[in-house]
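Given the structure of chain A, go ahead and fit chain B onto it with the hints provided.
Going down the list, the protein sequences come from chains A and B.
The numbering of the first sequence is our numbering, which starts it at 9 and goes up by one.
The numbering of the second sequence is our numbering, which starts it at 9 and goes up by one.
Derived from the structure by calculation, the hints contain no laboratory data.
C-beta: ideal position from N, C-alpha, C; glycine also.
One thing to keep in mind: the hints can contain errors.
What the hints assert, rightly or not - One side of the interface only, derived from the structure: several residues of chain A facing chain B at Cβ under 8 Å: (1) A153; (2) W154; (3) G157; (4) D194; (5) V203; (6) L233; (7) F242; (8) V316; (9) L318; (10) A330.
Protein chains: 2
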Amino acid sequence: MITIRPVGFDTEVTPDLDLPAVLAEHLRPVLSPGDVVVVTSKIVSKWLGLYAAADVDRAELVLQQSHAVVAERATADSITRVVHASAGPVMAGAGIDASNSADERLLLLPDDADSVARRLRCELARSLARPTDFAVVLSDTSGRAWRAGLTDFALGAAGLNPLDDLRGLADTTGRDLAVTIRNIADEVASAADLVKGKVDRVPVAVLSGLGAFVTDEDGAGVAGLVRTGPTDWFGLGRAEAVRAALGVAPGTPLAAEVGVESVLEEPLQDRVARALRVALAAGDAVDAELPAAAGDAVVIRLRGADPVALGRVWARLEVALAGERLGCSARRDGGDDLLVEVT
Amino acid sequence: MITIRPVGFDTEVTPDLDLPAVLAEHLRPVLSPGDVVVVTSKIVSKWLGLYAAADVDRAELVLQQSHAVVAERATADSITRVVHASAGPVMAGAGIDASNSADERLLLLPDDADSVARRLRCELARSLARPTDFAVVLSDTSGRAWRAGLTDFALGAAGLNPLDDLRGLADTTGRDLAVTIRNIADEVASAADLVKGKVDRVPVAVLSGLGAFVTDEDGAGVAGLVRTGPTDWFGLGRAEAVRAALGVAPGTPLAAEVGVESVLEEPLQDRVARALRVALAAGDAVDAELPAAAGDAVVIRLRGADPVALGRVWARLEVALAGERLGCSARRDGGDDLLVEVT
Numbered sequence: 009m010i011t012i013r014p015v016g017f018d019t020e021v022t023p024d025l026d027l028p029a030v031l032a033e034h035l036r037p038v039l040s041p042g043d044v045v046v047v048t049s050k051i052v053s054k055w056l057g058l059y060a061a062a063d064v065d066r067a068e069l070v071l072q073q074s075h076a077v078v079a080e081r082a083t084a085d086s087i088t089r090v091v092h093a094s095a096g097p098v099m100a101g102a103g104i105d106a107s108n109s110a111d112e113r114l115l116l117l118p119d120d121a122d123s124v125a126r127r128l129r130c131e132l133a134r135s136l137a138r139p140t141d142f143a144v145v146l147s148d149t150s151g152r153a154w155r156a157g158l159t160d161f162a163l164g165a166a167g168l169n170p171l172d173d174l175r176g177l178a179d180t181t182g183r184d185l186a187v188t189i190r191n192i193a194d195e196v197a198s199a200a201d202l203v204k205g206k207v208d209r210v211p212v213a214v215l216s217g218l219g220a221f222v223t224d225e226d227g228a229g230v231a232g233l234v235r236t237g238p239t240d241w242f243g244l245g246r247a248e249a250v251r252a253a254l255g256v257a258p259g260t261p262l263a264a265e266v267g268v269e270s271v272l273e274e275p276l277q278d279r280v281a282r283a284l285r286v287a288l289a290a291g292d293a294v295d296a297e298l299p300a301a302a303g304d305a306v307v308i309r310l311r312g313a314d315p316v317a318l319g320r321v322w323a324r325l326e327v328a329l330a331g332e333r334l335g336c337s338a339r340r341d342g343g344d345d346l347l348v349e350v351t
Numbered sequence: 009m010i011t012i013r014p015v016g017f018d019t020e021v022t023p024d025l026d027l028p029a030v031l032a033e034h035l036r037p038v039l040s041p042g043d044v045v046v047v048t049s050k051i052v053s054k055w056l057g058l059y060a061a062a063d064v065d066r067a068e069l070v071l072q073q074s075h076a077v078v079a080e081r082a083t084a085d086s087i088t089r090v091v092h093a094s095a096g097p098v099m100a101g102a103g104i105d106a107s108n109s110a111d112e113r114l115l116l117l118p119d120d121a122d123s124v125a126r127r128l129r130c131e132l133a134r135s136l137a138r139p140t141d142f143a144v145v146l147s148d149t150s151g152r153a154w155r156a157g158l159t160d161f162a163l164g165a166a167g168l169n170p171l172d173d174l175r176g177l178a179d180t181t182g183r184d185l186a187v188t189i190r191n192i193a194d195e196v197a198s199a200a201d202l203v204k205g206k207v208d209r210v211p212v213a214v215l216s217g218l219g220a221f222v223t224d225e226d227g228a229g230v231a232g233l234v235r236t237g238p239t240d241w242f243g244l245g246r247a248e249a250v251r252a253a254l255g256v257a258p259g260t261p262l263a264a265e266v267g268v269e270s271v272l273e274e275p276l277q278d279r280v281a282r283a284l285r286v287a288l289a290a291g292d293a294v295d296a297e298l299p300a301a302a303g304d305a306v307v308i309r310l311r312g313a314d315p316v317a318l319g320r321v322w323a324r325l326e327v328a329l330a331g332e333r334l335g336c337s338a339r340r341d342g343g344d345d346l347l348v349e350v351t
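So that you can see chain A by itself, here it is in the shape it has in the complex (with noise of 0.2 Å):
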């Protein structure tokens, strides 16, 4: 049996604060040798004064927090990214938080939350006075691909065997298990989610039943859990990749001025529009002429002495126009010009 207790307080947190001592204050009573404590980022953040200056961008401070940006789309008046965070993980926005903290400044997470995970559990041990003999769990908060919602998963770890690696055992029936390798470290935070909610003063959370996971050293942590690089099947989204392919890298300046994807239903023309401004960012010695949307054919007229140019820029229409999700058809117009028109 498991159980998850939550463990609440109310003392505003600050770097001034000794958070291990105050800690270790409420979880003396529950504490047992085995047992994981999962804290919040957040209130970690706020200790270690992970504080934005007050007066930068939110867009561009996203931009400073990560490694690459993965995903992006525009409303009138934000940008919401997906990004490769320095922190480690892949997540909407860099995990950078504005909610509930006691000010407007914005909260950004420790680049070494493994690190810092295990500075926690060494310090609770101290303030407790007993041995290390528990696992710490920093967790943040994080939407999953194609669901909705969001879930708790593991951001740092010390203590605690974050994989439960079953290959190669039999299973009940005695043939060899498919591969399977749990994620046990982000199961235990979304377990923890369960009674820490977002409105209650509850940033901590105890599990008891799972000692077969929690190790004597503070082992490996968590940062290497994060699946990125080269062979990330989704390093882009499906129009950043297009877009990347034709010479448009999200996150840069060309992509905001070529004009972000919005996620909201968007005009015909606005769509192609954006999609022969990608079509042309390679610099082609071509004319395009988009006419003012008359009914529901949508004809963009290519011209250009260069035969080879107008090739180009016809093959890179049709792709960015795949990238909107819109098909096309070309034909000559009897002279040398192209004649594209949006199906």
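Chain B in isolation, oriented as in the chain A frame:
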């Protein structure tokens, strides 16, 4: 406090078994009003007899059990596809399961897991001779984009509010919370997995302490938690988005013929050859000559009577190479040919 209790049983599940009656027998001593019963989808699939025909090709079966292919990679002897499964979620292999079943047959997921959860809830209540004052969740296992390992999620549910919508609630400092909708159903499934394991016969877990999310009515279930469609940021993988924009959609015979990207380290020559086949897939009247590898430089000679077609293939090749994370530059060779050098 939340408790998660494992419910183990040794009975082999078959379509002839009265699964609700057997489950009820095990649940009777532990189940209280407001509890959530989490059942592994595998035993439900066995109960429903959802076995594939013995002679079916697994890759073909995955396509049959899918609405659409999101991403795909091949190795020498198999192909892995992330798909929008008929069962609802986006997941690898359409959730088809080979492990831990009593024979060699492949187990399929139910098409409407919410309806199965409702049926199970109703029949459990009848077997237990109690009101439906508990929830039922069917759980399944899947990867999470950008994370190592697998975590459980809710495939179906009855009697559970799957989302906890905190938007607009004042936070503890009186300001509005940022947009926050917690996915309770998935967190419940993840929490339950912590006691279930894969090699032990623990296909069921009972969570207590979540009564606030348990409803008298069955409710809408969790099918609505799946996020796909035109506005899906990750509706196609990075490589697949580029190829689809060039007319080579994943999951089609053309994609398999052109070659499905492998995550293995492939020789440069193979990646270039694949990009070239994709570039020529539109049927332009252009001949392309790929030299046998000689040193590091790979130069493709494009030749054709129609310069517009030449420009088209050049641009398509540039895009396809970018999809392979390769760059290129092009030059005329003095005549009409175009030399594209891969960089």
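**Interface hint for W154 (chain A), Cβ within 8 Å of any Cβ on chain B** = holds, 4 Å
**Prompt:** Does the nearest C-beta of chain B fall within a distance shorter than 8 Å of the C-beta of V203 (chain A)?
**Reply:** holds, 6 Å
**Request:** May I ask you to test the interface hint for G157 (chain A) with respect to chain B, counting a Cβ-Cβ separation under 8 Å as satisfied?
**Result:** holds, 3 Å
**Request:** Tell me if V316 (chain A) is really an interface residue toward chain B, meaning its C-beta lies closer than 8 Å to one of theirs.
**Result:** holds, 4 Å
**Asked** Holds or violated: is there a CB of chain B closer than 8 Å to the CB of D194 (chain A)?
**Response** Holds, about 5 Å.
**Prompt:** Is the hint on L233 (chain A) kept, meaning its closest Cβ partner in chain B is under 8 Å away?
**Reply:** Hint on L233 (chain A): holds, closest Cβ of chain B at ~4 Å, below 8 Å.
**Item:** Cut-off 8 Å, beta-carbon criterion: hint that A153 (chain A) touches chain B
**Value:** OK, holds: A153 (chain A) within 8 Å of chain B, min 4 Å.
**Asked** Does A330 (chain A) meet its interface restraint, that is, does its C-beta lie within less than 8 Å of any C-beta in chain B?
**Response** holds, 4 Å
**Request:** Report holds or violated for the interface hint on L318 (chain A), using the least CB-CB distance to chain B and a cut-off of 8 Å.
**Result:** holds, 6 Å
**Asked** Can F242 (chain A) be said to touch chain B, with a Cβ gap under 8 Å?
**Response** holds, 5 Å
Checked against the numbered hints above, the structure breaks none of them.
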